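Chemist: Following my numbering, the numbering of the sequence shown begins with 5 at its first residue and continues without gaps.
It is worth saying that the hints were derived from the structure and are not from the lab.
Among the hints, a few may not be true.
With a cut-off of at most 16 Å between alpha-carbon atoms, the simulated EDC-like pairs for lysine to aspartate or glutamate come out as follows [what the hints assert, rightly or not]:
id	residue 1	residue 2
1	Lys-119	Asp-149
2	Lys-97	Asp-44
3	Lys-124	Asp-149
4	Lys-19	Asp-67
5	Lys-18	Asp-44
6	Lys-160	Glu-135
7	Lys-156	Glu-135
8	Lys-56	Asp-67
9	Lys-90	Asp-67
10	Lys-97	Asp-67
11	Lys-124	Asp-44
12	Lys-19	Asp-44
13	Lys-65	Asp-44
In this text, all values refer to a predicted model and were calculated from it rather than measured experimentally.
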Amino acid sequence: MELCFKTEIGDIMKKVLFISSTGGHLSEMLQLKPMFKKYDYHIVTEYTDSTKNLKNIYPSKVDYLVFGTKDHLFTYIFKFGFNILKSIYLFFKIRPQYIVTTGTHTAVPICYIAKFFGSKVIFIETFANSETKTLSGKLVYPIADLFIVQWKSMLKLYPNAIYGGWIY
5 MELCFKTEIG DIMKKVLFIS STGGHLSEML QLKPMFKKYD YHIVTEYTDS TKNLKNIYPS
65 KVDYLVFGTK DHLFTYIFKF GFNILKSIYL FFKIRPQYIV TTGTHTAVPI CYIAKFFGSK
125 VIFIETFANS ETKTLSGKLV YPIADLFIVQ WKSMLKLYPN AIYGGWIY
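Kindly produce the complete structure, drawing on both the sequences and the hints.
Modeler: Structure representation (structure tokens):
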């Protein structure tokens, strides 16, 4: 899948924020790595043992949100609230023109923040779902400028989506 962001201002590189939670969503997003050289990119994900080395791979291009899981609902509520505030901070720090995300809960707040401030939101529904909507997909679909599914069967659930094929 090849995304291309049109440049309206000559040769100035577009600012693109790639955001996802850790795990499979991040693995999917990192499949878009060839795009990084085409844009002024930044990566946001959750801080875990498996993601802390991203700062070494992409120096000065990575920021972290707090890892939280809905399995621990009480602490998750506070972590999610903190991540909303940090997402506001990161949006103004990075000032992206585009948000590209493969989900999940980590990405939803920044998608709404970006939309409110005029950035374009591109959501790629996860490869893991071929018959049901994800919660983050349900939340971002109404505001996405481009909503991409990786299974043709998902076009029934998201009629305004584009079938992009697998990014794996």
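Chemist: Do the alpha carbons of Lys-18 and Asp-44 lie within 16 Å of each other, as the hint requires?
Modeler: Satisfied, since the Cα-Cα distance of roughly 6 Å is no more than 16 Å.
Chemist: Verify the proposed pairing of Lys-97 with Asp-67, using a straight-line Cα cut of 16 Å.
Modeler: holds, 11 Å
Chemist: Quickly compare the C-alpha distance for Lys-19 and Asp-67 to 16 Å and report which way the hint goes.
Modeler: holds, 15 Å
Chemist: Please verify whether Lys-156 and Glu-135 have alpha carbons no more than 16 Å apart.
Modeler: holds, 10 Å
Chemist: CA of Lys-97 to CA of Asp-44, is that 16 Å or under?
Modeler: The given pair, whose Cα atoms are some 13 Å apart, holds under the 16 Å limit.
Chemist: Lys-124 and Asp-149: Cα distance at most 16 Å?
Modeler: holds, 6 Å
Chemist: Given the hinted pair Lys-19 and Asp-44, is their alpha-carbon gap at most 16 Å?
Modeler: holds, 5 Å
Chemist: With a cut-off of 16 Å on the C-alpha distance, tell me whether Lys-90 and Asp-67 pass.
Modeler: Measuring from Cα to Cα gives roughly 10 Å; hence the hint holds.
Chemist: Would you check the hint for Lys-65 and Asp-44, treating anything up to 16 Å between C-alpha atoms as holding?
Modeler: Cα-Cα ~9 Å, so holds.
Chemist: Does the structure keep Lys-119 and Asp-149 at a Cα separation of 16 Å or less?
Modeler: holds, 9 Å
Chemist: Starting from Lys-160, check that the Cα of Glu-135 is at most 16 Å away, please.
Modeler: It holds: about 9 Å lies between the C-alpha atoms, which stays within 16 Å.
Chemist: Is the straight-line distance between the alpha-carbon of Lys-124 and that of Asp-44 16 Å or less?
Modeler: At roughly 15 Å apart (the allowed maximum being 16 Å), Asp-44 and Lys-124 satisfy the hint.
Of the numbered hints listed earlier, not one is contradicted by the structure.
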